[in-house]
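As they're listed, the protein sequences go chains A and B.
So for the first sequence, the working numbering puts the first residue at 1; every next one is plus one.
So for the second sequence, the working numbering puts the first residue at 400; every next one is plus one.
It should be emphasised that the hints constitute simulated quantities derived from the structure, not laboratory data.
Heads up, the beta-carbon is just placed ideally off N, CA and C, and yes, glycines get one too.
Don't take each hint at face value.
Stated by the list, open to error - Restricting the straight-line Cα-Cα distance to at most 27 Å, the calculated cross-link-like pairs of lysine-lysine (DSS-like) are:
hint	chain 1	residue 1	chain 2	residue 2
1	A	48	B	482
2	B	480	A	203
3	B	692	B	671
4	A	48	B	480
5	B	661	A	203
6	A	203	B	425
7	A	48	B	649
8	A	203	B	482
9	A	203	B	485
Said to hold, decoys possible - Here are a few chain B residues that face chain A, going by a calculated C-beta distance under 7 Å:
hint	residue
10	430
11	432
12	433
13	460
14	463
Said to hold, decoys possible - Pairwise CB distance ranges (calculated):
hint	chain 1	residue 1	chain 2	residue 2	range
15	B	546	A	87	47 to 55 Å
16	A	183	B	451	41 to 49 Å
17	A	40	B	682	35 to 43 Å
18	A	46	B	451	39 to 47 Å
19	A	53	B	685	38 to 46 Å
20	A	53	B	690	53 to 61 Å
21	A	218	B	410	27 to 35 Å
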Amino acid sequence: MRTMIRGNESIAYAFKLARVQVVPAYPITPSTLVPEKISEFIANGEMKAEFVPVESEHSAMSAAVGASARGVRVGTATASQGLALMHEILFIASGMRLPIVIGIGNRALSAPINIWCDHQDMMAERDTGWLQFYAENNQEGLDLGIMAFKIAEDERILLPAMVGLDAFVLTHTVEPVDMPEQSDVDEFLGEFVPHYVTLDPEKPATLGSFGFPEHYMEFKFAQWVAMERAKKVIDEVFAEFEKKFGRKYQKVTPEFTEDADIIFVTIGSMSGTTREFIKKMRAQGKKVGMVKITTFRPFPKEELKEALKNAKVVAVTERNISFGFGGAVYGELGATFANMANKPKIIDFIVGLGGRDITFKTLESVLSEAEKALNGEDVSEVNWIDVNKEAVYKSEGLQ
Amino acid sequence: MNYENEEFFAPGHGMCAGCGAPIIVKWILKLAGPNTIVTNATGCLEVATTAYPRTSWRVPWLHIAFENAAAAAAGVEAATKAKGEKLNIIAFGGDGGTVDIGFQALSGMVERGHNVLYVLYDNEAYMNTGIQRSGATPWGAWTTTSKVGTVNPIGKIRPKKPIAKIIAAHDAAYVATANPAIFQDFKKKVQKALDTEGAKFLHVISSCTTGWRHDPSKTVEIMRLATDTGIFPLYEIENGDFENMRITYKPKKFKPVEEYLKTQGRFRHLVKNPEYVKKIQEDVDAWWAKYGKYYRH
Ligand SMILES: Cc1ncc(C[n+]2csc(CCOP(=O)(O)OP(=O)(O)O)c2C)c(N)n1
Ligand code: SF4
Ligand SMILES: [Mg+2]
Chain A
1 MRTMIRGNES IAYAFKLARV QVVPAYPITP STLVPEKISE FIANGEMKAE FVPVESEHSA
61 MSAAVGASAR GVRVGTATAS QGLALMHEIL FIASGMRLPI VIGIGNRALS APINIWCDHQ
121 DMMAERDTGW LQFYAENNQE GLDLGIMAFK IAEDERILLP AMVGLDAFVL THTVEPVDMP
181 EQSDVDEFLG EFVPHYVTLD PEKPATLGSF GFPEHYMEFK FAQWVAMERA KKVIDEVFAE
241 FEKKFGRKYQ KVTPEFTEDA DIIFVTIGSM SGTTREFIKK MRAQGKKVGM VKITTFRPFP
301 KEELKEALKN AKVVAVTERN ISFGFGGAVY GELGATFANM ANKPKIIDFI VGLGGRDITF
361 KTLESVLSEA EKALNGEDVS EVNWIDVNKE AVYKSEGLQ
Chain B
400 MNYENEEFFA PGHGMCAGCG APIIVKWILK LAGPNTIVTN ATGCLEVATT AYPRTSWRVP
460 WLHIAFENAA AAAAGVEAAT KAKGEKLNII AFGGDGGTVD IGFQALSGMV ERGHNVLYVL
520 YDNEAYMNTG IQRSGATPWG AWTTTSKVGT VNPIGKIRPK KPIAKIIAAH DAAYVATANP
580 AIFQDFKKKV QKALDTEGAK FLHVISSCTT GWRHDPSKTV EIMRLATDTG IFPLYEIENG
640 DFENMRITYK PKKFKPVEEY LKTQGRFRHL VKNPEYVKKI QEDVDAWWAK YGKYYRH
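Isolated chain B, as found in the complex (with noise of 0.2 Å):
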């Protein structure tokens, strides 16, 4: 069945206008359709979503905390087993949710191996808060815990953490990296997710006007160009069979990251600086130089 012109994800919910996560969701329920159970752990999609007696949510969801939403699916899985029925269950998570304090309960959902379809949302920084930095916010963005200022004029020093890879190496059924403005790859990636039984992890890149700091008519301008840049590579990685790691998207020509940088307001005093640039530049040419090869089409 296909469902792509129904709506399971109301229109009339908080989130800011240009915020790229509604658009992530909308469009994964669209694919999952009806016959399924989504959890979601605290954070902005399940706070702007959910005010009570009003909910965004045409499928069945559940939110309890902000670190347990794979836990959470869990319970759900294992529940719709004993039940005997079969269903799709989808955990969305933020990256703090993901990455940081619901690290522990994602591997061990992945390790346990559920028929759990877990989607990191991620705007790189605790947004729901006030974008404080998480470990998924990229080297020498500004956040409201990694200030700019005279000693440190870097913002965030450390990098990102490599969240898919982490996942793929518990040998998850299914690992992806998606972008939402490279639309037929991301769609087919869901699908794809939807597809296979085991754990999944989509790791979607999801930006955030305001803690990125950008118009929010550029949303998807803005998150084609980590792409398009080579900041955002999308691969997939099946069976944590890194040998066979797939890139399934490549720009004809790659853009400057400096085309990425300039356009979002916590980069500011990195583009300010060229050899801030150019040691991104360099980052992600080695990425390029190292991971390049595992581009099929």
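Pulled out of the complex, with its shape left as it was, chain A reads as follows (with noise of 0.2 Å):
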């Protein structure tokens, strides 16, 4: 069914349709209208949830961990401020291989404080052990919504995951989606059977104990091997989503790449706005094509290698910084590649966060570092576009 609905209900309706059974949850912009939506179906008997409305993010996450520890099926939503509250617990819900889901709306971290797009929230969060997902639109938010607890709740797998959408562009714009039907939603599923030992009077157990040093690297290792068991399990469930919904997932979408000589790195919305760029550009005679990243953890190193490896330069575009470094895609790919004998260029891109707009003209000059890398000539490996750099020279003493 066609329905217009904002970023945020994809998640609420991902998780009504998933029939998740416990919700604790805590209100920050741009995610606030989940739990609001949540509440609204339960409310309206729409849906068959207990709803917790705690007193902070870091105690939504415990009593995630505590109800999916119990045996069923757990969702909540966040954002920036939250995700780092939740921190300390992303890691314990990971280690014990509890398959709660999470939806973001992607947005910066303070200070200053910002409520606007970037991936600076989840990029922090990426070594917690959770899967990562990024829409790029409602529709994606939907369906990578429902499948996260499908991978998530896998027998091979059991790891949690979070789904993000992009503060505002998407959390908060009307977009028309394909709304699947429940029953269908039902046998993609299934009935929800926690793959794991829980809380259960009949058969106690100890769950969350002291690991020392003799067991403890096992537990992580278990970890491990649960994430590079996902990139399959990730495969088959987009392709089972496809046959039964129509719509075609890829942890990695290659566009225009086939005889592109600059290839762009996107994750998000922005990967919108850079297709339509690259169409512009082509009509112009440039070789240039995009890859989209919608699978962030596990990395796709295979496919990132595949669909890059004609490439003679890659310009990452990212909404995300690591002091000191640059950015994490920009890191991440570069350690990809750095055992291979032929590699492209790779070159950072560090645009729109706290939520600037990335237009074309944000591409363009992009572009132009990236065309310049083409040509031989010297680049720097990071690059901060659309920042007024004259001014925080002089601010600090540059100058």
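Hints given; two lone chains; assemble the complex.
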């Protein structure tokens, strides 16, 4: 059924269609509408779930772990400061192998406080052992929201998952989506079965015990193995989803890459702008393409190697920064190619932090640097685009 | 069903000989029985009972972190409701995990009225990390972060946070202070808490031989003195009704506080100074002058 929804509703509908049983959540812009919508579904009798209006995100994730350990399907939503406040418990959710799903409204981190889009919040959690998916639009948010449960709960995986939607650009923007039928989602997901040890008085178990050095690393290695296995399971689930719902998903989506000298790497809603930009550049005869990353954890190394193997220059455009190094995608992509004999030049472009618009002008600046690199000129490894650098240098006493 | 002859907290755990906490846990579980799920904050009790792959717990048990036993219990309770089941959900936390770092999660859980029994085993310091002061450390106690010296001859210079009253002020369904050394009163309160719907809070005194610095064989004796000197009064408050607060136990004759203080190394410096002992005695007397009328039998 064709429906108009905001990005936040795509997460709320995904939870409803997945028949999530417990939703502990705490409001934060831009994801507040998710718990509001869930509360409305429950009040209307459209959804049968326990909503726990916790007093913080730390407690939201703690209650999520408690509920998931009890053996029910659990979802929550947050963003930015809220996700950062969950940080401690994110490690514990994945360490305990609980398939919780969070919908994230990707938002900048303070200071200065800022409610608009970038990917710093989720990128900062990339080492917490969660599967990470980024949506380009609301349809993807809805579909990935549903698929996240299937992947996370798979007996071979048992890892929690987060699905990111860009703040405001998606969370608050109404877009048409194909709303899956409840019966189809029921068939697709199957009834919730916890393939892990739960808190059950019939079979008492101790969860979250103390791990000494002689055991700890095996627990961590098991998480590593699960993440590696997830690569295949994600493909399987994407394929099954396509068969049932007709929409195709890939961990990495190459477009116009066949003969491209310069390939943009994108994540999230910037992919739409980039696609249009590339079409325009193609019309001008420029050999440019793009690769959209949908799955960031596990990092799709093989797919990226394949998609970028013929590029001469890879322009990573990313909405996050690791101070003292560069962007996360740049770092990981660089490491992916580190041991390859033939590799493209990989150049990092920090764009659109704190909701700064990513426009054709932004992408023109990126392309112009990438073209310099293509022509053998020296180009900085990490480039900040659309920034008033003079003002910053001056205030830092450098000019 | 009566499970008093069964053990749900197995012997062979790693807590110190003479620790108060295992006595509390063992008896609460006997009264709760097997249809129970426990959440536990990080701290001595958690660390010393669950060294993987062994465990002392014969009921389902969950530890997540230090500050969230209440939130974990809230999640377990919500899931239990979602499953349409009913059981005892009990959270155990030390004083640090309860009155300090876990205070917010506890306050939220109680305010939302989850059907959870939260048990604070109060040994009056962060023992697991080596005896640092907490909000529950009493005035004048030595700890490794409230040291006694020439500039500060007192030790901890702030009074103990009145956590039971604070939780009662949330209009919690049932709040009580309890002492396993006053055993019948303790048992009655655990049973009452288990039988009450809603958020329940038990503040239980729990001696720590290591941090309080006393002979392990004196645990019960010292805990008993805490109440018999009037320092740790036993009362209950239902639904935030302070007017009808009930002091449930009163010694026939109060012992002087010094008898309690002198049993423990953490108060050694105080006992040497009659002024300090007098101050503590006056504080205790003032408490009883104010609240003594709530003793009803
Ligand atoms: C967020 C966080 N901060 C600090 C610690 C270190 N820590 C572990 S147990 C503990 C003290 C526990 O004290 P309490 O709650 O009184 O329990 P006890 O050990 O005294 O029984 C501390 C500070 C931690 N585990 N997590
Ligand atoms: S240090 Fe204290 S609280 Fe911890 S186990 Fe020993 S006696 Fe008990
Ligand atoms: Mg303590």
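Q: Taking the numbered hints from earlier one at a time, note which ones the structure violates and give those numbers from smallest to largest.
A: 3, 5, 7, 10, 11, 15, 17, 20
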